[in-house]
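Colleague: For reference, the chains in residue letters:
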Amino acid sequence: MTEKHQSTREFIAFMVRGRQFCIDITSIREIRGWNDATKLPHVPDYVVGVVNLRGTILPIIDVSARFGLGDCEPSPQSVVIVAQVGDRLAGMLVDSVSDILQVAPEDIRDLPDMDTPVGAEFLRQVILHDEAIICEVMLENIISTTLQDAA
Amino acid sequence: MDLDTIKNTFFLECAEQLAEVEQGFMTLQSDPEEVSCVHAIFRAIHSIKGGGGAFGFTELVEFAHKVENGLDVIRNEADPGRDPRLDLIASACDRLSDVIAATRDGTDIPDTSDFISKLAEAFAGDISDEPEPDIEFDAVPIEIGSLEIVEEIEAPAATVHTITIKPTLAFYQRGNDVQKLARNLAELGELAVETDSANVPTLSGFDSSKSYLTFNLRLSSNAPDEEITDIIEWCEGDCEISHTTDAPVDEAPSDMPDLDDLLAGFESATGEDDESEEPAAAAPAPLALVAEDGAAEEATQQPAAAKPADHPAKEKAAALKASPTIRVESERVDRLINLMGEAVISQAMLAQSLSTEMDNRDSPSQNMLREIERLMREIQESVMAIRAQPVKPVFMRMSRIVREACSGTGKKAVLALEGENTEVDTTVIEGLSDPLTHMIRNAIDHGIETPEDRLAKGKEEQGTIKLSACHQSGRIVVSVEDDGAGLNRERLLKKALEKGIVEPGAELSESEIDNLIFAPGFSTAEQLTDLSGRGVGMDVVRQSIQALGGRVSISSTPGHGTQIRLSLPLTLAILDGMVVRAAGEIFVVPLSSVLETLSVTRETVHDIGGKPVVKVRNTLIPVIDISSRLGFRSADDLPEKATLLIVESQSGASAALLVDEFDGQQQFVIKSLETNFGRVSDVSAATILGTGRIALILDIDEILESALGLRQNNSSLLVTERAVA
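The listed protein sequences derive, respectively, from chains R and A.
According to the numbering used here, the first sequence is numbered sequentially starting from 1.
According to the numbering used here, the second sequence is numbered sequentially starting from 1.
Chain A extracted, bound-state conformation:
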């Protein structure tokens, strides 16, 4: 492993830490009581600082240190979650992530002096300007006193805390130090530290990548338990910690059993849960052992009753920690997926040749084949699941965008997330970040009104941007919704006329006007701020979503806000589809868009203004003859008997696809046509059939929209065409 690799790992970890920071701020926004988030943010910043220090990234470390100092002040406040200075810290963290990015890319480090002075001002008096004490390991003598000494100096009313810390390797890797912890504890009272080196092996057996030392700390202090817990909690997860409290010495019953025995019992009773955050539990324990009367019962039950209340907080803290993950190059997974695709195809081929060779569906080989089929599907799902990721990281990044956009425009807005745990293929997630960023900036810049305007309209001063994700019929729908002013249709139309996108006198429906914002070259430039004036229009958003096989739709209510919905495929690799034949070719229709299939004779297909329609249960549905649509057969050549596939597009329009035959359904591995060729209209991708032949996957949305002249999603295109005509 060379240094670059290690640095890379550091930056990857930074990204994770920053995500944690975002998560922390998000949680605090909705629940200021969630103090553990302040600690989580602090820990994350601290880890970044520690790692940065190891590589000598001075600017990064210095700035992180300032932020950390500020946070340190906040987290010691009585109500850290509501400290107004958290906003400043959040912005500073945004800047910190810029600094990290610049450090990673080797570009100019952004100027942090403004934040440093703001931080200094905000926390004036709270932090000394002393530079960070050197955290390198040096031999500062710590008194390793025996227990007797502690007892001697014990103040009568002081509580004795016995803390055992067995750091794991991760503890040191994060730049932590027992010494520092000890120093913090020493500020609260008298501290004695004993280093247990019993586990240190001989030199020959020494493994420098292992952690051998255990530290026994005995602190006698009058400080409240929480303060001590706060300090220790810091390294929770990276250490095995046990913390027990001894009741003030003079109050202890004289016939108290030997403390060590009790502790041993207590520890074994709690088993793995050695965090022992309930100091009170230790004290009543002897009582319960000694006396069996009701009072004692009550005494023991109290901490037990207190525990459930404690639990949710603990669980939330646990939820903040990510589940163990493996970092794998996406290329390796891609290779696996490709192999998987090959296997699925071979299996389909085998199935096909077996079924032609033998008709007996109950033959052993047929049964075996079905078993393989089942396994393949399962393997396939698991392989795909490797690439599935929750959209959360991308969503979290957006809270930064909201903050930046707000500070740039002087507006107030919060980001609300919904369904952020919805999982989707990584390639889709990667492609989401830029369009979302742009849409959110747009929403704040154009949608959300100024605080004064909002108050005047009787709305809350602070706008809300709702970002949500959910699964819907095999696709993921991501929506960005603001409660702002809505689209100004008058201005949009005026603009479109000026730009020649719409012909004068053209009658446009409301939704057509709304869709104008997706027209290429369209932007309400006259009032662009530096925010949205970044050369990216909504047309680019639409393009990048379409590149992912997605659709964009918009709806807006004047005065109440705008909603933009993105509908994306869950994965770019696998699809459930129906096999149809038309004009001697085989096509695949995505199952998610098929509503039903019907068999019809030629007579049932009627003609309205030269266009075929079919009556299905009292509804007239336009018919699209796929063969002629694709140019494979002339339009008049309708077969005597045909099969209709009633399909629905993402925008909700439906039509009947006329095909010659329908061949059942199966799973398909999606193969891109773009890799070696280019985009083909009406076709979204290709797949390989069991025969080894290629079949095209039809792009139902595109076919329906252009064949039916739908304006829903495509209005800008149609309007442009109209203008040209």
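With the rest of the complex left out, here is chain R:
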């Protein structure tokens, strides 16, 4: 492994409504298929419910609904990315996982000032990968805002 490799970061890219986003691989615990979730009463629409992750109650967030892109219709092809922020685990329901990105520091850019359909509070920075431009999502906001809303 060369010096260059040590400073590269890895991201997992995923698809939501035809758009590609990514998360730092270090916050991802595992990637699972979709299983029916148990609905929760009195919670925002983007909280799909809870599933059993080997004895842990895992809330599932519909990322599409969270981004305001409309509810996702979970299918057997849907994917749940189990991510950890602090002590909390949450599952993000996405359409599919598309890639693992090796990103050099110079390919990470700040978010340009612009009005995106996905609220700026959910996006951290952009990653230039080959010819594509992929937004890194702000995991803690996707998860923790939910917690506040629900509390």
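Any given hint could be a false lead.
As the list claims (entries may be wrong) - As a list, the in silico SDA-like pairs of lysine to any residue whose alpha-carbon atoms are at most 20 Å apart:
1) R:Lys39 / A:Arg633
2) R:Lys39 / A:Lys166
3) R:Lys39 / A:Gly631
4) R:Lys39 / A:Ser628
5) R:Lys39 / A:Ile697
What the hints assert, rightly or not - Listing some non-contacts, in silico: residues in chain R with all C-beta distances to chain A over 12 Å:
6) Ile28
7) Val43
8) Ser98
9) Glu106
As the list claims (entries may be wrong) - So the derived label-pair ranges between C-beta atoms look like this:
10) R:Glu106 / A:Thr5: 45 to 51 Å
11) A:Gly584 / R:Asp71: 14 to 20 Å
12) R:Gln84 / A:Ser209: 42 to 48 Å
13) R:Ala120 / A:Leu12: 50 to 56 Å
14) A:Gln173 / R:Gln84: 43 to 49 Å
15) A:Ala343 / R:Glu140: 30 to 36 Å
16) A:Thr601 / R:Glu140: 24 to 30 Å
17) R:Glu106 / A:Thr107: 38 to 44 Å
18) R:Ala120 / A:Arg335: 38 to 44 Å
19) A:Arg491 / R:Arg54: 34 to 40 Å
20) A:Glu59 / R:Ile31: 56 to 62 Å
21) A:Ala343 / R:Gln84: 23 to 29 Å
22) A:Thr325 / R:Ala120: 28 to 34 Å
FYI, nobody ran anything at the bench for these hints, they're computed from the structure.
Think of the CB as a built atom: it goes at the ideal place given N, C-alpha and C, for glycine as much as any other residue.
Chain R is fixed; fit chain A onto it per the hints.
Modeller: Just chain A, lined up with the frame of chain R:
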């Protein structure tokens, strides 16, 4: 083991010793005759001092020493349990526990000078101000005389006490010293000490963590037996002690058999019970052996008759000693409980798949499964029992709060405990301490009247705060009851109006007014003393109890006092529940709140003012359709046939939950929703079913209270809402 670990252990032990001190004071409060408590307190303080000395906690040791000195004076009084100075000692012990806490946390040591001067004043003349003699082991020569020498110097009428002390390691660990004991005994008469080093192994076999020496003490003294017993009793439990008395030499029958033989016989006869606290028993023994006439019989029977009277005291002393315990990190137990939960779930899954595969309930595998089920339940109970602790330690701590609150307000109150041995999960116990502290401070500050007022009202000068715990239908109910003035409803209402918590002109029932004290931001601040003005309101108490899955209710009788009841789950981990289906989802209803189940058709559900009710044996019960309540189905969509679960909330209100189907009952492992998500209304927690699917556990209290518009426990909330509207 590094020094920090050892220090930690010391502080843990301090906590235990302090608990013992509290226990001692509590017992003395109700029974001043219980002199052994004074000794127990003394021992505890002494141990703290000894341990503190080892770590060089000078302030702690000095203060503990002063307290110990005071206690030493008291315990030598004729009636130590009634010594008025015990109150001062109790307060000093409270301060001592502050000093210990500060030492542990490395914060500023609280000032003890006021207590030191008070103690000096109270015990002036009784204690010399000499510093504690150095208790380190140094070679002060003690005369190790032979028995002949003792006999030579024996005064004619003196009694000879033969005391054998075989200290255990614990004896030394507590900072005790045979030398000191010997010095105390020497003050009573002539003492000869012989060290029996026969058990000391060779250097190669020497284990420094073992205790090898035995000390034979022979004391000839005119002092009463009790005085000697008092001194020796001190290290009882940490030593093997035998104490025998020889009758005054000149009175002994000339044909008395060889003392040593007798002693040997006596010792083997008493077996394990080598405390031999009945010195008289030794003396008549030879008589019984020699003469067989009636007089001798009588003589032997006397000590025997005296023994039963002695026994209760001994038993109580034994009860003061805690049963052997293991100190385990709670994390390890938590892990075990989690594993247990997993196992219970897997077993339920196995049961489910087996039952779908084969119908024969008597097949060997089904039988085996039932056996596993039984074992699992048993293991589960034992695992849970590890975490179950009596509420006693928390309750004991409250006596300190009462003392402090009384000295802060100039009121007089005692704490009465009831059901303090009730066991409950440790997590619940931990969460109880703060709310209880606050409620007790409140009770004294606002509830209990001044001594003059009480006398004027024809009450006893001293108020009583009753703290009780009991098990009630799968929950623990803790109540704090005072016999004070009761809540001043007029003032509460006035206050609530001022604060805009209640709308002007609102009609509130008595219990609604009482419940105002739980309203957020509500406090009768104008007359707050430094006691309750600590920024904690009763709303915080309610919140912290709710965080434990508990409920708070209050009742008050003007002039006669106030009672606050906390109802808490026994454990935060396991629950007996009923499985119900509604709107395609599966829910669990805690069994403790279910009264009965009924199957009804749509026609039996009537409508009163747009709300469904059902008639059950001449009683009309409101119906709550769970599916629509949770927003899973629209309200008009009642199924043709439904099942009703008559449930009761903690406040005693009942309602019928309408569900689609009822699936039997089983045990569930409670999984918190808060860990990864947050609180969800109407749901208390989640659990994992045999299928691996998650089911929500319904919060019956919350559902009933909000669905029925109950004011009992929730009035403040409703009142607030009313004010906003």
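Colleague: Taking the hints in turn, state whether each one holds.
Modeller: Structure-based check of each hint:
Restraint check for lysine 39 of chain R and arginine 633 of chain A: the C-alpha separation of about 12 Å stays at or below 20 Å, so the hint holds. For a cut-off of 20 Å, the pair hint linking lysine 39 of chain R to lysine 166 of chain A is broken: about 68 Å separates their Cα positions. Only pairs whose Cα atoms come within 20 Å are accepted, and lysine 39 of chain R paired with glycine 631 of chain A is accepted, the gap being roughly 10 Å. Between lysine 39 of chain R and serine 628 of chain A the CA atoms are separated by roughly 13 Å; this keeps the pair inside 20 Å, and the hint holds.
Distance check on the hinted pair: lysine 39 of chain R and isoleucine 697 of chain A sit about 12 Å apart at the alpha-carbon level, within 20 Å; holds. The Cβ of isoleucine 28 of chain R lies farther than 12 Å from every Cβ of chain A, with a closest approach of about 15 Å, so its non-interface assignment holds. Distance check on valine 43 of chain R: its Cβ comes as close as 6 Å (rounded) to a Cβ of chain A, failing to clear the 12 Å threshold; non-interface status is violated. Residue placement check: serine 98 of chain R keeps its beta carbon more than 12 Å from all beta carbons of chain A (closest about 26 Å).
Every CB of chain A is more than 12 Å from the CB of glutamate 106 of chain R (nearest about 36 Å), matching its label as outside the interface. Distance hint for glutamate 106 of chain R and threonine 5 of chain A: a CB-CB separation of about 49 Å, consistent with the stated range 45 to 51 Å. About 18 Å separates the C-beta atoms of glycine 584 of chain A and aspartate 71 of chain R, a value consistent with the hinted range of 14 to 20 Å. Distance hint for glutamine 84 of chain R and serine 209 of chain A: a CB-CB separation of about 46 Å, consistent with the stated range 42 to 48 Å.
The given range of 50 to 56 Å is respected by alanine 120 of chain R and leucine 12 of chain A, whose C-beta atoms sit roughly 51 Å from each other. Roughly 45 Å separates the CB atoms of glutamine 173 of chain A and glutamine 84 of chain R, a value that falls within the hinted 43 to 49 Å. Hint check: alanine 343 of chain A to glutamate 140 of chain R, Cβ distance near 34 Å, so the stated range 30 to 36 Å holds. Separated by about 52 Å at the C-beta atoms, threonine 601 of chain A and glutamate 140 of chain R break the suggested range of 24 to 30 Å.
In this structure the hint that glutamate 106 of chain R and threonine 107 of chain A lie 38 to 44 Å apart at CB is violated, the actual value being about 50 Å. Checked against the hint of 38 to 44 Å, the C-beta distance between alanine 120 of chain R and arginine 335 of chain A comes to roughly 42 Å, which is consistent with it. Range check, arginine 491 of chain A to arginine 54 of chain R: about 55 Å between beta-carbon atoms, so the 34 to 40 Å window is missed. At roughly 58 Å, the beta carbons of glutamate 59 of chain A and isoleucine 31 of chain R sit within the given window of 56 to 62 Å.
The hinted range of 23 to 29 Å is satisfied by alanine 343 of chain A and glutamine 84 of chain R, whose Cβ atoms lie roughly 25 Å apart. Between threonine 325 of chain A and alanine 120 of chain R the CB atoms are about 57 Å apart, so this pair departs from the stated range of 28 to 34 Å.
Checked against the numbered hints above, the structure breaks hints 2, 7, 16, 17, 19, 22 and satisfies the rest.
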